[in-house]
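Q: Line order of the protein sequences matches chains A and B.
Add 4 to the 1-based position in the first sequence for my numbering, that's all there is to it.
Add 162 to the 1-based position in the second sequence for my numbering, that's all there is to it.
I should point out that these hints are in silico values taken from the structure, not numbers from a laboratory.
Please read all numbers here as calculations on a predicted model, not as lab measurements.
Virtual Cβ for every residue (Gly too), placed ideally from N, Cα, C.
Be aware that a few hints might be false.
Claimed, not checked - Here are the simulated lysine-lysine pairs, DSSO-like style, with alpha carbons at most 30 Å apart:
| no. | chain 1 | residue 1 | chain 2 | residue 2 |
| --- | --- | --- | --- | --- |
| 1 | B | K616 | A | K132 |
| 2 | A | K133 | B | K632 |
| 3 | B | K339 | A | K110 |
| 4 | B | K207 | B | K361 |
What the hints assert, rightly or not - If you want a taste of the chain B side facing chain A, the calculated C-beta under 7 Å gives, among others:
| no. | residue |
| --- | --- |
| 5 | N209 |
| 6 | W213 |
| 7 | T215 |
| 8 | L219 |
| 9 | K587 |
| 10 | D591 |
| 11 | Q592 |
| 12 | F594 |
| 13 | I601 |
| 14 | D602 |
| 15 | A608 |
| 16 | I610 |
Unchecked claim - Calculated Cβ distances over 10 Å to all of chain A for the following chain B residues:
| no. | residue |
| --- | --- |
| 17 | E232 |
| 18 | Y238 |
| 19 | E308 |
| 20 | G362 |
| 21 | Y595 |
| 22 | K605 |
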Amino acid sequence: MDKFINMLEINNLHCKIEGKPILKGINLKINKGEIHAIMGPNGSGKSTLANVISGHEDYEITKGNIYFKGQEINELSPEDRAHEGVFLSFQYPVEIPGVTVTNFIKTAINESRKAKGIDEMPSSEMLKKIRAKASLLEIDSNFLSRSLNQGFSGGEKKRNEIFQMAMMEPELAVLDETDSGLDIDALKIVANGVIKCSHEDNSVIVITHYQRLLDYIVPDFVHIVMDGRVVKSGDKDLAKKIEEVGYDWLKKEKS
Amino acid sequence: MAYTEDELKKELETKEYEYGFYTDIDSETFPVGLNEDIVKAISKKKNEPEWMTDWRLDAFKTWKTMKEPEWSNLKYNKPNFQDISYYSAPKKKPDLNSLDEVDPELLKTFDKLGISLDEQKKLSGVAMDIVVDSVSVATTFKHTLEEKGIIFCSISDAIQNHPELVRKHLGTVIPKKDNYYAALNSAVFSDGSFCYIPKGVRCPMELSTYFRINQAGTGQFERTLVIADESSYVSYLEGCTAPSRDENQLHAAVVELIAHDDAEIKYSTVQNWFPGDKNGKGGVFNFVTKRGICHNRSKISWTQVETGSAITWKYPSCILKGNNSIGEFYSIAVTNNFQQADTGTKMIHLGKNTKSTIISKGVSAGKSQNSYRGLVQVSPFAENARNFSQCDSLLMGNDCGAHTFPYIEVQNKTAQIEHEASTSKIGEDQIFYCNQRGIDTEKAIALIVNGFSKEVLNKLPMEFAVEAQKLLEISLEGSVG
Numbered sequence: 005m006d007k008f009i010n011m012l013e014i015n016n017l018h019c020k021i022e023g024k025p026i027l028k029g030i031n032l033k034i035n036k037g038e039i040h041a042i043m044g045p046n047g048s049g050k051s052t053l054a055n056v057i058s059g060h061e062d063y064e065i066t067k068g069n070i071y072f073k074g075q076e077i078n079e080l081s082p083e084d085r086a087h088e089g090v091f092l093s094f095q096y097p098v099e100i101p102g103v104t105v106t107n108f109i110k111t112a113i114n115e116s117r118k119a120k121g122i123d124e125m126p127s128s129e130m131l132k133k134i135r136a137k138a139s140l141l142e143i144d145s146n147f148l149s150r151s152l153n154q155g156f157s158g159g160e161k162k163r164n165e166i167f168q169m170a171m172m173e174p175e176l177a178v179l180d181e182t183d184s185g186l187d188i189d190a191l192k193i194v195a196n197g198v199i200k201c202s203h204e205d206n207s208v209i210v211i212t213h214y215q216r217l218l219d220y221i222v223p224d225f226v227h228i229v230m231d232g233r234v235v236k237s238g239d240k241d242l243a244k245k246i247e248e249v250g251y252d253w254l255k256k257e258k259s
Numbered sequence: 163m164a165y166t167e168d169e170l171k172k173e174l175e176t177k178e179y180e181y182g183f184y185t186d187i188d189s190e191t192f193p194v195g196l197n198e199d200i201v202k203a204i205s206k207k208k209n210e211p212e213w214m215t216d217w218r219l220d221a222f223k224t225w226k227t228m229k230e231p232e233w234s235n236l237k238y239n240k241p242n243f244q245d246i247s248y249y250s251a252p253k254k255k256p257d258l259n260s261l262d263e264v265d266p267e268l269l270k271t272f273d274k275l276g277i278s279l280d281e282q283k284k285l286s287g288v289a290m291d292i293v294v295d296s297v298s299v300a301t302t303f304k305h306t307l308e309e310k311g312i313i314f315c316s317i318s319d320a321i322q323n324h325p326e327l328v329r330k331h332l333g334t335v336i337p338k339k340d341n342y343y344a345a346l347n348s349a350v351f352s353d354g355s356f357c358y359i360p361k362g363v364r365c366p367m368e369l370s371t372y373f374r375i376n377q378a379g380t381g382q383f384e385r386t387l388v389i390a391d392e393s394s395y396v397s398y399l400e401g402c403t404a405p406s407r408d409e410n411q412l413h414a415a416v417v418e419l420i421a422h423d424d425a426e427i428k429y430s431t432v433q434n435w436f437p438g439d440k441n442g443k444g445g446v447f448n449f450v451t452k453r454g455i456c457h458n459r460s461k462i463s464w465t466q467v468e469t470g471s472a473i474t475w476k477y478p479s480c481i482l483k484g485n486n487s488i489g490e491f492y493s494i495a496v497t498n499n500f501q502q503a504d505t506g507t508k509m510i511h512l513g514k515n516t517k518s519t520i521i522s523k524g525v526s527a528g529k530s531q532n533s534y535r536g537l538v539q540v541s542p543f544a545e546n547a548r549n550f551s552q553c554d555s556l557l558m559g560n561d562c563g564a565h566t567f568p569y570i571e572v573q574n575k576t577a578q579i580e581h582e583a584s585t586s587k588i589g590e591d592q593i594f595y596c597n598q599r600g601i602d603t604e605k606a607i608a609l610i611v612n613g614f615s616k617e618v619l620n621k622l623p624m625e626f627a628v629e630a631q632k633l634l635e636i637s638l639e640g641s642v643g
């Protein structure tokens, strides 16, 4: 059996939203078991990249390819990508009134199982898993019966995203500014949750503005995105340099 | 491949009405038109006593002087009342003891609807009085109920066998001349259900009636009367499906509930009549008058899931006459394509310490219009009346409408009235969020709408909550915008 090593490969990716080019030739290669950080100034295309990887239909790919586990997924719907193992932790998770956290995650898991031709997860197993993952993220059971993201604090929303990630056990998790809106204690809990879920068979992309998250989730590689391109790649020290001196030197280097 | 909005729309348009079939049952139908002779003929056909015939004739006289109301937020071609046949009954007028004696065609119809009587009998403990067109053909569980002194039968049977009860209560909550459609119903009602729960008796099962409209071009004028005597309890469910037909079918039912001191009536409706096709052709016109009266410390709860009909005009109401009585109204109305609904409630606070709760959820999709219209009235003598109203609307797409017409009339300073309203739209961001978690668009819409409707779905009897949830998913055929 062919064993893939490349989790995600992005070649010369260009994309537009409402006619406006945002990504202008992204190249990225992520192997199994690796953690990559993506940094960059506001408006550089980081969140767009996260959305394009997840298959958001507002973003039109005009050039280039995305391969996931060796398969081209340019045309794959968001739900099919999710079934294949792509997970996006949203920067701004949406509210769904009247749908509890438990009901939502149960539906998500069972829809993915259905797509793979597996029977629904038995309730007892589901419950056990929910308990385990909730305790991992220090979530109490009241939280699970609240309406999804409704009235959640910023920290609760992000914790809920990572809880869903832990439940769905994706092969590729894209964390879009998961650290924004978190105080230091919440940040530690969330980061710790990510670390505990990450292993040699899955990969993580951490999109962030700040170095501090990377103190907890230590990346193997750091990429700087500016104006729709990866302008520099390096190891965790690159993130530290950015934190100290900002992005200006890269602009100069580029020109 | 990704599921685009256009594809969704296309698929929805081609979805046939689930229960759109027509059963060929040998029927006897009156000639079209309405006059005194027809009213008399209906009464005679049903072998009614003179007082009943006179009652009908009086209603007919009143109706002739009345005008069809035009205040609702509905646009439709008024039915031609002289173009309708006012009586249709399965010919083999049955006197049945078991299902074996029922017309096999009819049984097949029930099978298609998934409401096989046998199954119902055995599995769910639901007693049903089935109305096909206008005359009851089968009543189950009668004997179990009889042991408790509960009367559950067709209104025709009640007129024959319990005339004193009918005569005492009929038209006391909704007078003959209450409104145009109620007057019409009073004159020509063909059949319906009657239910009496004696003092102190708790009805051990959900009482359920399945109404169906079967004969093309036949109006349906059911009459339902539920009487809960002191300290009794009953939960009643009506559920409706109808075959898909081209011409508009008029439906003008009247439901009267009477809750004596310390009694409780829970009345739930799942309505799924043919809503018309995607171009707005056909569909049932539903003009219903439903009202209950609460005596001291009694309670009436209306719960409705309205997904069908081309036109819905319906305001299940409570007259809180007794002190410490409680009225509740929980409603989900879903409209799609060209459906129009103008629905809500009236809570009339007359007694002291009366309480009412209104939870109304409207879901509009396609080019439909969905209106909530509600009245909360507190009389000068209703000390410490309390009302809480919540009206939420959910929109799908850009071509539908949601409207709220709350009327609040308070004549007593001690009243506490709260009204909350919200309008939201299913957002593409919500859909994408669900998609990203592996939930496809159709399932996502169902999930969001079920969440939106939860407070009302939770009020339905268990057996029907699942059915109602399914119905929402079927009717939802909305587009996302």
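Q: Against which earlier hints does the structure fall short, listed by number upward?
A: Violated hints (numbers, rising): 3, 4, 5, 6, 7, 8, 9, 15, 21 and 22; every other hint is consistent with the structure.
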